[in-house]
Structure formats: structure tokens, C-alpha cells
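Put chain B on the given structure of chain A with help from the hints.
Keeping their order, the protein sequence lines are chains A and B.
At position 368 of the first sequence (counting the first as 1) the number is 368 in our numbering, and the numbers step up by one without a gap.
At position 55 of the second sequence (counting the first as 1) the number is 55 in our numbering, and the numbers step up by one without a gap.
The reader is advised that the hints may include incorrect statements.
[Said to hold, decoys possible] In silico DSSO-like links for lysine-lysine, alpha-carbon gap of 30 Å or less:
1) A/Lys-270 <-> B/Lys-64
2) A/Lys-387 <-> A/Lys-191
3) B/Lys-185 <-> A/Lys-387
4) B/Lys-101 <-> B/Lys-72
5) A/Lys-270 <-> B/Lys-72
6) B/Lys-2 <-> A/Lys-375
7) A/Lys-247 <-> B/Lys-64
8) A/Lys-375 <-> A/Lys-387
9) A/Lys-270 <-> A/Lys-247
[Said to hold, decoys possible] A few chain B residues that face chain A, going by a derived Cβ cut-off under 7 Å, partial list only:
10) Phe-22
11) Ala-130
12) Lys-185
13) Ala-192
14) Leu-201
15) Ile-204
16) Thr-210
Keep in mind the hints are simulated off the structure, nothing from the lab.
Beta carbons: idealized from backbone N, C-alpha and C, even for Gly.
Each chain, written out:
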Amino acid sequence: MPPLGACPRAQSAHGPRADRTRARFRQGLLSFALAVVPVAALAAALLAIAPAAALSDAPLPPSGLTWRDVPNDAGRAIALEWKASPADSSHPVTAYFVERATAPGGPWTLVDSVAAETHQKTDQGVRRDTQYYYRVTALGPGGVTPALSVTGPVVARSEWFNSTRWSVLVTTAMFFAFVLYFISQAQAGKKPFVRRIPGIDAIEEAVGRATEMGRPVLFIPGIRDINDIQTVAGLVILESVARLTAKYETPIAVPVSYPIPFTIAEEMVKSGYLHAGRPDQYDPSSVRFISPEQFAYVAAVTGIIMRDRPAAHIFMGSFYAESLLLAETGFATGAIQVAGTANIPQLPFFVVACDYTLIGEELYAASAYLSGEPKLVGSLKGGDLLKVVAIVVIVIGCALETAHIHWLAQWMVPR
Amino acid sequence: MKREVPLFITAAAGLLIILSFFVPHQIVSVPADFLQQTALILRAFGFVLGGVNVLLVNFDAIYKRQPGWIYKVVLVASLIATVVIGAVEGRGFLNPGTRSKWIYDNLYANMSATMFALLAFFIASAAFRAFRIRTLEAGLLAVAAIIVMLGRVPLSNLLTAWLPEWARLQALQEWILNVPQNASKRAILMGAALGVMATGLRVILGIERTYLSGEE
Numbered sequence: 001m002p003p004l005g006a007c008p009r010a011q012s013a014h015g016p017r018a019d020r021t022r023a024r025f026r027q028g029l030l031s032f033a034l035a036v037v038p039v040a041a042l043a044a045a046l047l048a049i050a051p052a053a054a055l056s057d058a059p060l061p062p063s064g065l066t067w068r069d070v071p072n073d074a075g076r077a078i079a080l081e082w083k084a085s086p087a088d089s090s091h092p093v094t095a096y097f098v099e100r101a102t103a104p105g106g107p108w109t110l111v112d113s114v115a116a117e118t119h120q121k122t123d124q125g126v127r128r129d130t131q132y133y134y135r136v137t138a139l140g141p142g143g144v145t146p147a148l149s150v151t152g153p154v155v156a157r158s159e160w161f162n163s164t165r166w167s168v169l170v171t172t173a174m175f176f177a178f179v180l181y182f183i184s185q186a187q188a189g190k191k192p193f194v195r196r197i198p199g200i201d202a203i204e205e206a207v208g209r210a211t212e213m214g215r216p217v218l219f220i221p222g223i224r225d226i227n228d229i230q231t232v233a234g235l236v237i238l239e240s241v242a243r244l245t246a247k248y249e250t251p252i253a254v255p256v257s258y259p260i261p262f263t264i265a266e267e268m269v270k271s272g273y274l275h276a277g278r279p280d281q282y283d284p285s286s287v288r289f290i291s292p293e294q295f296a297y298v299a300a301v302t303g304i305i306m307r308d309r310p311a312a313h314i315f316m317g318s319f320y321a322e323s324l325l326l327a328e329t330g331f332a333t334g335a336i337q338v339a340g341t342a343n344i345p346q347l348p349f350f351v352v353a354c355d356y357t358l359i360g361e362e363l364y365a366a367s368a369y370l371s372g373e374p375k376l377v378g379s380l381k382g383g384d385l386l387k388v389v390a391i392v393v394i395v396i397g398c399a400l401e402t403a404h405i406h407w408l409a410q411w412m413v414p415r
Numbered sequence: 001m002k003r004e005v006p007l008f009i010t011a012a013a014g015l016l017i018i019l020s021f022f023v024p025h026q027i028v029s030v031p032a033d034f035l036q037q038t039a040l041i042l043r044a045f046g047f048v049l050g051g052v053n054v055l056l057v058n059f060d061a062i063y064k065r066q067p068g069w070i071y072k073v074v075l076v077a078s079l080i081a082t083v084v085i086g087a088v089e090g091r092g093f094l095n096p097g098t099r100s101k102w103i104y105d106n107l108y109a110n111m112s113a114t115m116f117a118l119l120a121f122f123i124a125s126a127a128f129r130a131f132r133i134r135t136l137e138a139g140l141l142a143v144a145a146i147i148v149m150l151g152r153v154p155l156s157n158l159l160t161a162w163l164p165e166w167a168r169l170q171a172l173q174e175w176i177l178n179v180p181q182n183a184s185k186r187a188i189l190m191g192a193a194l195g196v197m198a199t200g201l202r203v204i205l206g207i208e209r210t211y212l213s214g215e216e
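If we strip away everything but chain A, and leave its shape as in the complex, we get (with noise of 0.2 Å):
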């Protein structure tokens, strides 16, 4: 009977020889875990080794960072400006964090990250007369550094006046000037000269032609809406081809491509109607809103020239690369056709396409030729007169260029 307790493997059952084998075996296993032991612990400090040689390839810290309030704005932008990370290959740089405070403490918000080339960043979402500390971390593939200092407090001011526009005041002063004077001689009675635009003159040409061949007038007051100036100028056209087209008796057709726009011109056409002493003729109709988007408003008017064939098309206004596909729709339909714009790329398209062009400003003197107002007409005299200062002022800017003398250009256009 083995003894209670005892291990029944402790009991060689087979004899003095197994016993020997398993005292080998237990050497063996001895040896093993001496052996694995410090590699396991080697490979362990290695490990808890890592991250500390991971963060050793983390950038350097940028430095020098420094601010001021851009100039000549509403106190709403800070430029700063950084000096690089001392980058090598074990510490490069893939980007840049600027980051801002309203407290040197923070809590900090992300302004922008920029590319490691970058070394200057304007924040432009601050707001005027509150105080702001700014810090930039640099990026890379071993992590962030922690900025080396924050800079402020830093406060954006607004400013009283704009300085490099100096040259832009005085100009707009001298036309102001000269536009009221000139106004104030022709209610004296002086009426200025206006040479013949023959554009011009042609409209009423093209009304009348339209009426004899019983067609409608289609009138397009560019494609944009009423912010861009061109618009304003093409609708006060309209009244006065409204008011022709209402004395001839003729139908009008105003298709439009901006709802406010699209609300003048049922204005202009009535009022050109009311002008004309003909009210009652007047078609609500005839002033249609299309649609802002370019090709779809081309689509409907070009589909209105091929269905209605009107007999004269009047383009007035700001066009882009729809000003040819309306022309020579135009073209192909035989209307007598007058275009005038001051977008100049579509000015040849016009020229090739269309019968008569108003060329940049004409299309501006327009309402002043065909109203023939005198305060209207002195206006257009003031512009000239500019235009006589401005040559004057480039003939002097090119001989001052010319002999390396910069201020009159540095004034102009202040860099």
C-alpha cells in the first residue's frame, strides 16, 4: 500500500531508469528558463525601450514665433510668422499646428495646420480688440512637440482708413469733380457734345425693321444679376427699346436669368410703356424669369429665337460663353441683331455674330445717348476728362519707369 498522500507518480512504475530520464528532463526545463529568462527581460526593456526612442524622432520645437495686426482691415486678421523646426533626417517635420487662446493657459483651438515649407500663417477669423496668445506645434512621423512658448497677447485693431487706396480716393475725388461740373454746366444751359454711337442709333433701326416684318423684339439683359453694373446699364437700355417698341406697337420679349433683375425689367417695360402713352398694351407676359443657370437660360432662349423668330435681338449686358451660342442662333434666324458688352473675351463673338456692338463704355453711355438728358450727357463728359488724366499720368509713369524712378507706380498699386 503506497502511503496516503504519497504521489502515485512519485512511484516509479517503471523502474530506476524512467526516473532518470525525468531528472534529465527537469534539468533540461531548468536550463531553458535560465536561458529564456534575461532574453525575455532583454526583449522586455527593449520594448518599454521603444516609445522613448519613437519620441526621439519627434520634431524639434518651431521657435521665434511673432505676430502683428494686418494693416488697413476691420481689426479681423493676425499675420504670424514662425521660425522652422531645426529639421534633420531623424527629426522631420510634415506639418505645422497653429493654435490660439484667449487665455495663456487655454484651453486652445486649431487655427489651421500648414505644410512644413510653411512658415507663416494669417488668422483671419479673430475678432477685433480681444486679446489672443498663439503657439505652434510642429508634426512628424515620431509625433507632436509641444510648443516651446506662446506668444501674447496679441489684438487685432481695426483701422480708420485703407493706405494703399490712397491712389483710388483721389482718382474717384477727381471724377466726382469732374462729373459735377460738368453736370452743373450742362443745367447751365451748355449742352456737351456726344459723338454718334452707332450701336445705339441702330436699336431704333431694328424696332422699326421688326415692325415691318410683324416679329417680336427680343431684348436680353445679360445673364448675371443686378450686383454686376452691366445688368443696371442693359435694363435702363430696355426702357427706352420698351418705349420704342410700345410706339411702334411692336411685341417685346425679355426673357431674364436673376429674379430681381427679372423684377426691374417688368418695371422698365411697363414704365417704357407708360412713357410711350400706351399702358394698355403693355403684355406681363412679355418679361419672362428663365433661370440663373447658364446653359438652361440659353436652352430656353435659344429655343424662344427658333419657335417666335424675332426679327431683331438686342443684347445688353454681361455675358460669358453663352454671348455666341444666342448670336449666332441669331444669325442663323436672320434677325438684326445689336450686342454690347464690356466683358471683353466675348467681344469678338459678338463682333462676328452681330450686326452692331457696343464696345465697354458705350454700352455705359448708352442710357445718357438715348435719353439725351443733358445732366444724363455731362456726365459721360467727366469720364472723358478722366480719360485725358489717365493718359496723361501713364505717359508720365512710363517715363518715370523708364529712368528707374518707382514712386508713382509704388503709389498706384502699393505692394
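Leaving out everything else, chain B in the frame of chain A:
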């Protein structure tokens, strides 16, 4: 009063916007920004008026069975469907996967591109007419155009490589574009800029009153 009040509002708003160009201070810039934002709101209301006009004009044409009325049915149905779908989908109506985005990508964008593509054919026909040499001016235009077009392709280098550098087509086309073309373009721009100023001043001073409509 019916005319004086709008004239006063126009003058005040116009002068304030001009002033804001020179004075960045908040006393001027804040009300000027407010005016510009108000204009955006007004514009949004304007679209309601525009939409109503589209429906009225087209319903009338459908009711009277005018020629092509069936297309107007398509237009009105498309308009209503687009507006309703956009309204149901709410704020993110143009996010990927929405029906509005599908309409935009698969219908509107394609139709728009088709219209734009027509421009190539129109340019060809217009160029054909423009380059017919009937007068001295047309001849000059055609010669300048040929030099510029040829000068901008590699073939011109090959054709004129034997000439001195200043006489090669590439140099000539650069000269045409940079000197006579640029000079005339700038002259037109300056004239147009003065025209803009004159028109603006006429409106602000109340000399140009046509836009007010109605009787004097």
C-alpha cells in the same frame, strides 16, 4: 415721396458701400456688411417671384394649347418634382446618394454639358465668317489669327526654325498677344471702368432714375 424715399435709400446705401471701400473701421464695415447680407436675403425672396412667374407663363401656354405646349408640361412637371424632392430631402439635398444629387448628376449636368459642347460648332461657323477677307481690317484680323493659332502649336517651331528667333511664329504670336492685343484690351477695360463709375455715380446722385419706373 414715392420717388424721394427710394432715391434717398439708394444714395445712402451707395455712399456707405463706397465709403466701406476706403474705411475698414467697424463703424462703416459692419453696416456695409449688413447691407450686403440684406441684399442676399432680398435675392432669396426674389426667387419666389421668379418661380411664380415661370409657373404662370407656362400654365397659361398649356391652358391655351400654344405651339409646343407639351414641352411646357415637361418643364412644369420637372420644376415641381425637383423642388418637392429637394424640399423633402432637406438641408443635405445634394449629398451623395440623394435623389436631388442623382437628378443633378444624371440629368442636369449632362444637358448643361451638351449645350456647352455646341459652342465648338458655333465657334467654327463664326470663325469661318470672321476670317473671310473682304476688307483691310478683316485681312489684318485673319493674318493675326493665323499667326497666333500657328504660333501656339509645336508645328510652328518646326516651320520657322530656320528664321532668326525674333521672326519665328512663336515670338510673333507672343508679341501680338502681349503688345497690340494687351494694349487694346486694357484701353477697353479702362473705358469700361470709367463707365461703371459714371453709371454708379448717376444712380447714387439720383440723376439716373429710370430704374425707379413709374411717372415723374
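Going through the hints against the structure:
Among the hinted pairs, A/Lys-270 with B/Lys-64 is consistent with the structure: their alpha-carbon atoms are about 24 Å apart, no more than 30 Å. As the CA atoms of A/Lys-387 and A/Lys-191 are separated by approximately 20 Å, the hinted pair is consistent with the 30 Å bound. Taken as a hint, the B/Lys-185 and A/Lys-387 pair is honoured in the structure, with Cα atoms around 15 Å apart against an allowance of 30 Å. For the suggested pair B/Lys-101 and B/Lys-72, the alpha carbons sit about 23 Å apart, so the restraint of at most 30 Å is met.
A distance of roughly 26 Å separates the Cα atoms of A/Lys-270 and B/Lys-72; the hinted pair therefore holds under the 30 Å criterion. For the hint linking B/Lys-2 to A/Lys-375, the alpha-carbon distance of about 22 Å falls within 30 Å, and the restraint holds. Restraint check for A/Lys-247 and B/Lys-64: satisfied, since their Cα atoms lie roughly 28 Å apart, inside the 30 Å limit. A C-alpha spacing of about 19 Å is found between A/Lys-375 and A/Lys-387, which places the hinted pair at or below 30 Å, so the restraint holds.
Of the supplied pair hints, the one linking A/Lys-270 and A/Lys-247 holds, its CA atoms being roughly 13 Å apart against a limit of 30 Å. A cut of 7 Å between beta carbons decides the hint on B/Phe-22: the least distance to chain A is about 6 Å, and the hint holds. Because the beta carbon of B/Ala-130 sits about 4 Å from the nearest beta carbon in chain A, less than 7 Å, this interface hint is met. The closest approach between the C-beta of B/Lys-185 and any C-beta of chain A is roughly 6 Å, which is under the 7 Å cut-off, so the hint is satisfied.
Interface restraint check: B/Ala-192 against chain A, minimum CB-CB distance 4 Å, threshold 7 Å, status holds. With a cut of 7 Å, the hint placing B/Leu-201 at the interface with chain A holds, because the nearest CB-to-CB distance is about 6 Å. Residue-level restraint check for B/Ile-204 is violated (minimum Cβ-Cβ distance to chain A is 10 Å; threshold 7 Å). The restraint placing B/Thr-210 at the interface with chain A holds, with a minimum CB-CB distance near 5 Å, inside the 7 Å limit.
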